[in-house]
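Colleague: Residue numbers (this note's numbering), protein chains in the order written: chain A, 14 to 372; chain B, 14 to 372.
Among the clues, some could well be false.
To be verified - Sample of chain A residues lacking proximity to chain B, with all beta carbon distances greater than 10 Å (derived):
| id | residue |
| --- | --- |
| 1 | 33 |
| 2 | 248 |
| 3 | 312 |
| 4 | 327 |
Unchecked claim - Facing chain A, a subset of chain B residues (Cβ under 10 Å, in silico):
| id | residue |
| --- | --- |
| 5 | 71 |
| 6 | 297 |
| 7 | 308 |
| 8 | 310 |
| 9 | 311 |
| 10 | 312 |
| 11 | 316 |
| 12 | 351 |
Said to hold, decoys possible - Simulated coverage check for chain A against chain B, where a stretch passes if three residues somewhere in it have a Cβ under 8 Å from a Cβ of chain B:
| id | region |
| --- | --- |
| 13 | 64-78 |
| 14 | 223-231 |
Since the hints were made in silico from the structure, they are not lab data. A virtual CB, placed ideally from N, CA and C, is assigned to each residue, including glycine.
Single-letter residue listing:
Protein chains: 2
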Amino acid sequence: MKAVIARNKSLVVDDWPDPEPKQGEVLVKTLVCGICGSDLHALNHGEHFVDLTRRGGGALTYEPDKDLVFGHEFCAEILDHGPGTQKLFRTGTRVCSLPIAVTESGVQGIGYSNTYAGGYGEQMVLSETMLVEVPNGLASDHAALTEPMAVGAHAVNEAEMGPNDVALVIGCGPVGLAVIAGLKARGLGPVIAADFSPGRRGLAETMGADVVVDPKETSPYSQWADFGVPQTSMERMMVEMMGETPRRAIIFECVGVKGVVQQILEGVPVRSRIVIVGVCMETDHFEPALAVTKQLDLRFVLGYSQEEFAGTLHMIAEGEIDVAPLVTGRVGLEGVAQAFEDLAHPEKHAKILVDPTLV
Amino acid sequence: MKAVIARNKSLVVDDWPDPEPKQGEVLVKTLVCGICGSDLHALNHGEHFVDLTRRGGGALTYEPDKDLVFGHEFCAEILDHGPGTQKLFRTGTRVCSLPIAVTESGVQGIGYSNTYAGGYGEQMVLSETMLVEVPNGLASDHAALTEPMAVGAHAVNEAEMGPNDVALVIGCGPVGLAVIAGLKARGLGPVIAADFSPGRRGLAETMGADVVVDPKETSPYSQWADFGVPQTSMERMMVEMMGETPRRAIIFECVGVKGVVQQILEGVPVRSRIVIVGVCMETDHFEPALAVTKQLDLRFVLGYSQEEFAGTLHMIAEGEIDVAPLVTGRVGLEGVAQAFEDLAHPEKHAKILVDPTLV
Numbered sequence: 014m015k016a017v018i019a020r021n022k023s024l025v026v027d028d029w030p031d032p033e034p035k036q037g038e039v040l041v042k043t044l045v046c047g048i049c050g051s052d053l054h055a056l057n058h059g060e061h062f063v064d065l066t067r068r069g070g071g072a073l074t075y076e077p078d079k080d081l082v083f084g085h086e087f088c089a090e091i092l093d094h095g096p097g098t099q100k101l102f103r104t105g106t107r108v109c110s111l112p113i114a115v116t117e118s119g120v121q122g123i124g125y126s127n128t129y130a131g132g133y134g135e136q137m138v139l140s141e142t143m144l145v146e147v148p149n150g151l152a153s154d155h156a157a158l159t160e161p162m163a164v165g166a167h168a169v170n171e172a173e174m175g176p177n178d179v180a181l182v183i184g185c186g187p188v189g190l191a192v193i194a195g196l197k198a199r200g201l202g203p204v205i206a207a208d209f210s211p212g213r214r215g216l217a218e219t220m221g222a223d224v225v226v227d228p229k230e231t232s233p234y235s236q237w238a239d240f241g242v243p244q245t246s247m248e249r250m251m252v253e254m255m256g257e258t259p260r261r262a263i264i265f266e267c268v269g270v271k272g273v274v275q276q277i278l279e280g281v282p283v284r285s286r287i288v289i290v291g292v293c294m295e296t297d298h299f300e301p302a303l304a305v306t307k308q309l310d311l312r313f314v315l316g317y318s319q320e321e322f323a324g325t326l327h328m329i330a331e332g333e334i335d336v337a338p339l340v341t342g343r344v345g346l347e348g349v350a351q352a353f354e355d356l357a358h359p360e361k362h363a364k365i366l367v368d369p370t371l372v
Numbered sequence: 014m015k016a017v018i019a020r021n022k023s024l025v026v027d028d029w030p031d032p033e034p035k036q037g038e039v040l041v042k043t044l045v046c047g048i049c050g051s052d053l054h055a056l057n058h059g060e061h062f063v064d065l066t067r068r069g070g071g072a073l074t075y076e077p078d079k080d081l082v083f084g085h086e087f088c089a090e091i092l093d094h095g096p097g098t099q100k101l102f103r104t105g106t107r108v109c110s111l112p113i114a115v116t117e118s119g120v121q122g123i124g125y126s127n128t129y130a131g132g133y134g135e136q137m138v139l140s141e142t143m144l145v146e147v148p149n150g151l152a153s154d155h156a157a158l159t160e161p162m163a164v165g166a167h168a169v170n171e172a173e174m175g176p177n178d179v180a181l182v183i184g185c186g187p188v189g190l191a192v193i194a195g196l197k198a199r200g201l202g203p204v205i206a207a208d209f210s211p212g213r214r215g216l217a218e219t220m221g222a223d224v225v226v227d228p229k230e231t232s233p234y235s236q237w238a239d240f241g242v243p244q245t246s247m248e249r250m251m252v253e254m255m256g257e258t259p260r261r262a263i264i265f266e267c268v269g270v271k272g273v274v275q276q277i278l279e280g281v282p283v284r285s286r287i288v289i290v291g292v293c294m295e296t297d298h299f300e301p302a303l304a305v306t307k308q309l310d311l312r313f314v315l316g317y318s319q320e321e322f323a324g325t326l327h328m329i330a331e332g333e334i335d336v337a338p339l340v341t342g343r344v345g346l347e348g349v350a351q352a353f354e355d356l357a358h359p360e361k362h363a364k365i366l367v368d369p370t371l372v
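Excised from the complex, chain A in its bound form (with noise of 0.2 Å):
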């Protein structure tokens, strides 16, 4: 089959063997897949991804060195089903799927693996188990924001926020507008939302972000009077002793650059709980004792679980998350390449589709 393969940091379309299911697994036909930012540094920095995940305690383990096809993020059909298979979906099913092979020997993550093609390809290989079927109806295009709006409903889940709390989205790329439109589908904020792109902050206006801010005009963190989140102890302490529970501050971190972690603890409020969205892939710094001196909390989080992944897409699927406005473009195998250049400019674009079809 052709497929777009990472081949000594460059990306060639290429002929890739033919993808043949064993136990459990399905035969797909990629309709759809998104370019995910993540691809972007593995196919630059393939060794301190890989090494990371390993030290991680993560499940990625191909080598890097060696070809493979990149696409988690993707909707596909099903063309046939391998041995042991309960055949849950018939032929010609639409269906979405974690992008992680179940195997035998262990886990592979499908688009980060020198065996099992991601969705840059024409066909992939798919664990039954993993499959979640696409509602009727569903536009292909929008059951492949799935993977990446699931990324915002696990941040969402384990920032535990409460009905009362104050939301502030540091970044507006495609995983801060994933957390905008799951803070938003539950009912929960306000949310304000900052991003340097004046498109981007469109977009977060579009996902339902409350307030949008410039952080070049106004610093993101000067809102909390306005919203009646108490910054010092001792406000927290006047609001505790009127018998009321103050409001808490829950930033999103969805930048991944080094520095800005700093910066929040700087920014907020005492007590504020901080959900690191975003991946810095560099060794960062920050002062301990004034997150001490706060009481900060700060949580790393990843992905999601398969309940949050099904959940998601029953989500797009009923229209309690709109990601239309997401995709602001569309390539071929032969335009991977220039997508990943093009990605690099945020005022362009949030999210890339490739279609293996198209020529």
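Mind docking chain B on chain A? Use the hints.
Modeller: Chain B in isolation, oriented as in the chain A frame:
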């Protein structure tokens, strides 16, 4: 009165204006007061200490280049009642108190204030609302340990540890020992404790640690398998597939030295919670992507609530926490400066008490 005055980064015994109780305040005689590691830092790096508190939304606002009397871990005896007091406790009653003076113009830290002298002096003025009576029969020496032990109780409460979880305490100075005591008093654990000092490891055992580790011989992070804590996401997934709740590692960072947080990030299993109780006063470094991959929760904690303070005093009085082994030295006012020097040697001391009547 006589007091140990912090003046030009030195400790001198000199005269301090006799304290006079104002609205809602009582005058007390200091019976005994513990020396805290924070005082060592505040003496040598006063500007940094106050600046951090200010930036952290804290309540300490003294001028470090002016005279002050340290000491916030005390047991005292009521000498007189100021105007507007309820006289809840009669003259002669022994009390502990949160080291907070509640005044009309805000709060001040007792022992971190240019006006409210702490326990390294013969007398103090305390706010009546902050007092807790020492239960009959409890030695004043042991009551004075309430404050540092309450720090441990607070850290344990904030850890929200499950009955199935495993605790690892890194660093067995006074803070680590208070955490061990807090864990054991609540029946939590098993508790693994690590310290380079044999003396402190001995105290950790005395306080009830189940396993004590010398990091020079054995990595504190080598014990997970023995206690059945799954380390990787795959191992966790397998436990969950068996319908069980995976054991979680809860790490208490009680060292407060640069580099320890990153060591913990490297050594802990996925999904661990790290409670930062030690106060590292320098800018520190860490790998955020490692924390993301492991989905770690870093909770920075400080101080205690009024309930935790009062509860700790009663646990000490009822013998649920035995603080006697923690007292390793006793000095008069003239001995405080030398005691500050001695506390730099972890092998020799845990807690040195100041007794102003001692010559």
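Colleague: A separate judgement is required for each hint: does it hold in the structure or not?
Modeller: Checked hints:
Residue-level check passed: residue 33 (chain A) sits 25 Å from the nearest beta carbon of chain B, beyond 10 Å. With 10 Å as the threshold on Cβ separation, the claim that residue 248 (chain A) sits away from chain B is violated: the shortest Cβ distance comes to roughly 8 Å. Once the 10 Å rule is applied to beta carbons, residue 312 (chain A) is inconsistent with being away from chain B; the minimum gap is 5 Å. Look at residue 327 (chain A): its CB is around 22 Å from the nearest CB on chain B, clear of 10 Å, so calling it non-interface holds up.
The restraint placing residue 71 (chain B) at the interface with chain A holds, with a minimum CB-CB distance near 5 Å, inside the 10 Å limit. Below 10 Å, beta-carbon pairs count as interface contacts, and residue 297 (chain B) has one with chain A at about 5 Å; its hint therefore holds. The beta carbon of residue 308 (chain B) comes within 5 Å of a beta carbon in chain A, closer than 10 Å, and the hint placing it at the interface holds. Using the Cβ-Cβ criterion of 10 Å, the hint placing residue 310 (chain B) at the interface with chain A is satisfied: the shortest such distance is roughly 5 Å.
Interface hint status for residue 311 (chain B): upheld, as the beta-carbon distance to the closest one in chain A is roughly 4 Å, under 10 Å. Hint status for residue 312 (chain B) relative to chain A: holds, with the closest Cβ pair at about 5 Å, below 10 Å. For residue 316 (chain B), the suggested interface contact is upheld, since its CB lies about 8 Å from the closest CB of chain A, less than 10 Å. Because the closest C-beta pair between residue 351 (chain B) and chain A is about 27 Å apart, greater than 10 Å, the hint is violated.
Residues of the region 64-78 of chain A with a Cβ under 8 Å from some Cβ of chain B number 7, which satisfies the need for three, so the listed coverage holds. Counting residues of the region 223-231 of chain A whose CB lies closer than 8 Å to any CB of chain B gives 0, so the stated coverage by that chain is violated, three being the minimum.
Comparing the model with each numbered hint stated earlier shows that hints 2, 3, 12, 14 do not hold.
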